[in-house]
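Q: Model the full structure from these sequences, guided by the hints.
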Amino acid sequence: MSTDTLTERPARSTLFDGLSRYIPIGATVALLVVMYLVGTGNYRNFGEPQVVANLFVNNAALLIIAVGMTFVILSGGIDLSVGSVMAFSAMSCAWLTVEAGIPAETAVAMVLVLGTVSGAATGAVIHYFNVQPFIATLAGLFLYRGLTLQISDRDVAIRDNAFFDWGMERTEFGNVRDGGFSLPNIVFIAGAVVLIAFVVLHYTRFGRGVYAVGGSEQSALLMGLPVARTKVGVYAVSGFCAALGGVVAAFSTKSADPLGGLGLELDAIAAVVVGGALLTGGAGFVLGTVAGVMVMGMLSTIISFDGRFSSWWARIIVGILLLAFILLQRVLARSGEKRKT
Amino acid sequence: MSDEPIVQMTGITKDFTGVRALDGVDFTLRPGEIHAVMGENGAGKSTLIKVLTGVHTPDAGQIRLDGRPVRFNSPKAAQAGGISTVYQEVNLTENLSVAENLFAGREPRLGPFINFRAMRRRARALLEDIGIDLNVAAPLGSYSIAMQQLVAIARAVDIKAKVLILDEPTSSLDRDEVAVLLRVMRRLAENGTAMVFISHFLDQVYEISDRMTVLRNGTLVGEWESAALPESDLIGHMLGREAATLEQIERQAGEHKPDRGEPIVSAKGLGRKGSIAPYDLEVHAGEVVGLAGLLGSGRTETVRLIAGADRHDSGTLAFEGKSVGSHNPRTAALRGIAFCPENRKTEGLVGDLTVAENMILAMQASKGWARTVPPAQRSRLVAEFIEKLDIRPANPDLPVKNLSGGNQQKVLLARWMLIEPKLLILDEPTRGIDVGAKADIQRLVTELSGDGMAVLFVSAELDEVTRLSDRIAVLRDRELIATLETEADMTSEKIVDTIVAKGGDQ
Amino acid sequence: MSALLDRSKSAARAAWAHQYFRRLIWPLGVLLVLIVVNIAVTGFDFIIPSVHDGRLGGAFVNILRRSAPLLLIALGMTLVIATKGIDLSVGAVYAIGAAIACQWIIGRDQMSLGVVFVAVAIAIAVAAAIGAWNGLMVANFGIQPIVATLILMIAGRGIAQLITGGQIPSVSDETPFVELGRGAVLTIPVPIIIAGVVLAALALLTRTTALGMLLESVGGNPEASRLAGIRSKSITVLVYLVCGLCAGLAGLIGAANLGSADANNGGLWIELDAILAVVIGGTALLGGRFFLLGTTIGVAIIGTLEVTIINIGLSSQWQFTAKAIVVLVVALLQSPEFRAWVAKPLRGKRPGGAPSAKAESTGEEALVK
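Residue numbers (full-length UniProt numbering), protein chains in the order written: chain A, 1 to 341; chain B, 1 to 506; chain C, 1 to 369.
Worth flagging that the hints you see were computed from the coordinates, not collected in a lab. Any given hint could turn out to be false.
Residues from chain B that face chain C, not an exhaustive set, calculated with beta carbons under 8 Å [stated by the list, open to error]:
no.	residue
1	N135
2	V180
3	A309
4	F339
5	P341
6	T346
7	G348
8	A362
9	W369
Just so you know, even glycine gets a beta-carbon here, dropped at the ideal spot from N, CA and C.
A: Here's what the structure looks like:
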């Protein structure tokens with residue numbers, strides 16, 4: 001053992017560097033705080049805990065779907081089918097319980113399995129046949145919307161099924177009047193999804209493989225990582241999350257809307273990017289996605305509290321945020337490249 | 001050092017659609033030795049390595065690992081057999097931490113979860129073993145390429161590699177970083193790991209290797225103890241002597257001495273950091289200036305700066321006496337500088353377009369899209385050059401990707417001859433093409449310079465450079481070390497001597 | 001020499017026609033099958049145009065008329081895809097174009113030709129500017145096309161709603177503006193004329209000038225194009241600009257046809273249909289060779305498919321499912337891996353090497369396992 005040991009400390013600041021990889025997510029969280037302060041400063045009742053709690057209630061399905069999208073985007077892919085899959089799974093739940101008379105528990109389980117399997121099939125097409133994710137999931141977008149409309153082209157109510165009451169049953173944390181808040185069960189489902197996703201992404205081989213494949217698929221392959229399993233896996237996760245999102249949507253409205261989740265894939269992608277993930281894959285955090293969903297929810301909340309602004313401002317601002325984050329990532333990536341040469 | 005070979009390859013032959021990349025090559029690797037595989041581009045080094053690592057399967061021949069015959073169908077199978085590769089490009093992921101990169105796919109676990117503490121501890125121990133100390137929790141991307149390269153080696157070693165292949169690992173490293181890498185290699189050799197080392201830096205090869213195998217044109221030249229092979233002999237073996245297969249081009253340096261008036265192009269202190277040291281170079285009308293040097297000596301980098309393909313960060317470039325301001329391929333082409341890049345497929349031709357379209361591309365680009373080359377003029381020019389350069393098949397509407405290498409090269413040449421440039425830059429125009437096309441291109445270079453065109457000519461073949469050039473710029477280690485006037489007694493040995501002499505200085 | 005020249009000229013035409021024919025043959029075949037199915041179900045009225053109120057009608061003409069906005073967008077998309085790009089924002093640009101024109105007109109003298117002309121000009125100029133913005137993001141900032149155009153795909157409909165104030169502005173049925181969507185010149189519906197003119201213009205622009213070749217060069221091999229001295233940045237910007245312009249024009253036709261601009265649902269998912277039409281028409285998503293005529297056939301296939309589904313007695317909901325199947329089939333047919341996988345059982349096992357190779361392979365298995 002020689003004594004001359006070569007020491008190097010990370011000197012370069014890149015997108016992947018210890019600190020600067022937290023810049024995008026830091027920006028998102030700061031934005032969230034600023035928005036909250038602006039809200040509490042300007043509007044009465046904005047500071048009540050229930051306002052924040054409602055962010056989670058109103059966006060539970062989006063949150064779940066965005067978490068699935070995070071897996072896909074981290075691996076360097078994209079999934080356009082989530083909105084349609086969500087509508088399909090909500091509609092299937094309704095049809096299976098109302099028309100086919102299948103117990104609700106069984107119906108939900110069937111829907112979740114179907115979502116996962118269809119996601120895995122999409123992933124297999126993408127990996128083994130080298131079809132671009134955009135195109136393969138575009139087929140899913142059309143397919144599941146079509147199937148949904150074929151089941152029913154109007155809303156199907158599931159109000160009569162006692163099982164679907166469970167989702168909106170609330171747990172109170174303190175008295176709502178005295179600064180407490182209450183949360184329905186769907187929020188706990190969403191919370192569990194976030195928690196499990198966080199653990200899977202950061203503490204399992206599969207999760208780290210997702211980051212590796214997103215960082216460089218070629219390298220992951222040469223390092224002997226199970227690239228095929230990882231790529232099929234992320235689309236399966238996304239399919240499962242989309243199906244679960246549909247179940248949650250069914251819980252929260254007690255009905256199935258054949259046009260539900262229209263354009264939701266865009267909201268999910270926007271939430272993931274605003275949450276600091278790189279659309280080319282390899283960098284981002286599931287907690288960032290949570291922050292991204294919160295930013296989008298907070299925007300709508302402020303706009304509804306204010307009353308002077310119209311709802312479309314939310315879209316425009318989300319577009320501006322997207323632009324800002326994409327340019328920020330571009331700048332960070334460029335400064336990284338420069339230092340390297 | 002045991003004499004029982006760990007890897008024994010015998011009679012390895014590999015064909016790629018008609019081209020014989022390897023022809024009955026033998027290669028032997030003994031435990032604990034560092035064995036350099038030497039050769040120019042196209043000599044068959046990378047094919048040999050790819051056969052050994054399972055990327056290619058050989059058409060004939062046998063591979064024995066530890067005395068047992070093996071046949072690998074994939075890099076993964078080779079890895080499982082104990083053969084790991086570290087490439088020039090670091091094949092790790094920058095976004096994961098150092099520790100994660102070391103253990104990706106085989107992380108220590110507690111139940112289903114990764115045991116990060118154990119992983120970091122083992123990572124530190126592993127790196128300590130080869131003598132480096134890093135923050136293993138930091139992302140790999142925050143370290144220098146050299147350090148990343150060492151991490152890649154550490155990973156390969158830890159996967160119980162019996163054989164480690166290092167394919168150009170030093171090409172992007174600076175001197176100190178190379179020293180560290182070589183030290184790590186030595187330590188691994190002491191522990192019995194056999195290594196195949198590929199590098200175009202001769203001093204590194206001599207410093208580290210025990211043995212050398214030299215390949216040329218897909219055949220084995222021989223195997224030597226490094227200590228017993230003088231550098232000049234090595235270069236001679238690598239570059240070889242062209243057999244009298246080519247019709248001898250009469251060198252006209254004697255008869256037509258171009259008048260050295262105003263240079264067409266003159267570079268003063270032109271350079272690019274990390275690519276080529278600042279150099280001075282002048283090319284006059286009617287003059288062929290050859291660039292000679294080994295692979296990786298900076299031949300291509302030198303001409304790319306003049307062509308505007310890369311941006312220079314030091315020095316000045318003047319064209320016909322006027323200093324050049326904004327310099328990119330477009331402005332260069334407008335001034336009359338034509339550049340045929342080294343890599344025809346990726347940088348030269350647009351494979352899906354036809355022969356005619358590829359030919360007209362530069363002319364059209366300089367006119368802009370709105371001013372179309374008239375169809376009649378276009379077919380006339382295309383037909384003229386197809387005939388003049390003897391491009392076969394003589395069908396201008398064939399997608400260019402369907403042509404043979406030599407004919408593709410002629411299409412590329414025609415593209416630039418169409419704009420009647422004042423300076424023609426040819427980067428390895430004769431590499432990988434058949435003998436007939438080679439002779440055609442050499443004859444063309446002589447003709448064009450006879451008509452007053454200035455030519456910059458890069459070639460790995462010294463005979464070719466000597467025969468065609470009026471002056472030869474010699475490069476070594478990314479530095480232009482000498483400019484030789486080609487007199488009648490010019491020989492490739494003189495160039496070799498220049499390269500070696502400079503190596504001795506350092 | 002001149003003999004060679006003549007030969008090369010006629011060969012050029014032959015080869016060009018041959019290449020085009022090969023690319024177009026199967027989309028054309030699919031279109032023909034769809035038409036035949038429709039004729040079998042509804043009779044020859046399907047294909048034979050009739051004249052109503054001085055305007056050409058009939059099932060097939062109506063398909064073409066309704067497909068005009070999609071065709072315009074798909075043509076622009078073809079050029080973008082030829083450069084290895086994609087434009088997701090066209091649906092939003094469609095909505096913006098429609099919103100600007102309608103909003104401008106309802107606040108003014110609806111009968112005035114001048115007002116309509118200004119409205120159309122502003123709408124087209126804004127659409128072109130948005131396209132140019134996309135092009136700048138791609139060419140100058142080096143942002144992936146899918147990401148760069150996603151921004152306006154999301155924000156664009158918000159902008160359209162901002163323009164209309166969240167309302168759905170309806171123009172009078174009497175204004176000359178609606179002629180863009182409903183009118184006819186010499187009995188030919190105006191949308192078909194506009195789409196035809198744009199198709200002809202783009203075909204002329206790309207095939208009689210060098211633009212088409214330079215586009216294919218930039219899409220086919222960006223680095224080689226750079227080294228050949230092609231101004232690829234300005235070409236890229238130009239192409240996105242044209243695509244935005246086409247989208248705006250499509251929005252005008254759509255709004256004129258409806259007499260109103262729906263910022264939320266106007267042109268919804270038209271970007272996906274357009275990409276589908278381009279791919280059906282034989283232009284690869286990886287860039288390079290492009291086929292404007294193929295795209296046109298692709299649009300006709302999509303339009304006819306929707307009608308066919310209803311004519312053969314399926315509910316209109318089937319159109320999504322049918323499109324999904326088309327997307328999958330086209331994507332898989334273009335995948336070399338898929339073709340190899342399908343062909344494998346047909347070709348049978350590759351004739352194996354000498355017996356010695358087999359012995360070696362068992363040796364390897366021992367090592368791997």
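Q: Could you run down the list of hints and mark each one as holding or not?
A: Against the structure, the hints:
1. N135: Violated. Min distance 31 Å.
2. V180: 33 Å, violated
3. A309: The hint holds - B/A309 has a Cβ within 8 Å of chain C, the shortest such distance being about 6 Å.
4. F339: 6 Å, holds
5. P341: Cβ of B/P341 sits 6 Å from chain C, so the hint holds.
6. T346: With a closest approach of 6 Å, the B/T346 hint holds.
7. G348: Holds: closest Cβ of chain C sits about 6 Å from B/G348, inside 8 Å.
8. A362: Check passed: Cβ of B/A362 comes within 5 Å of chain C, closer than 8 Å.
9. W369: With a closest approach of 4 Å, the B/W369 hint holds.
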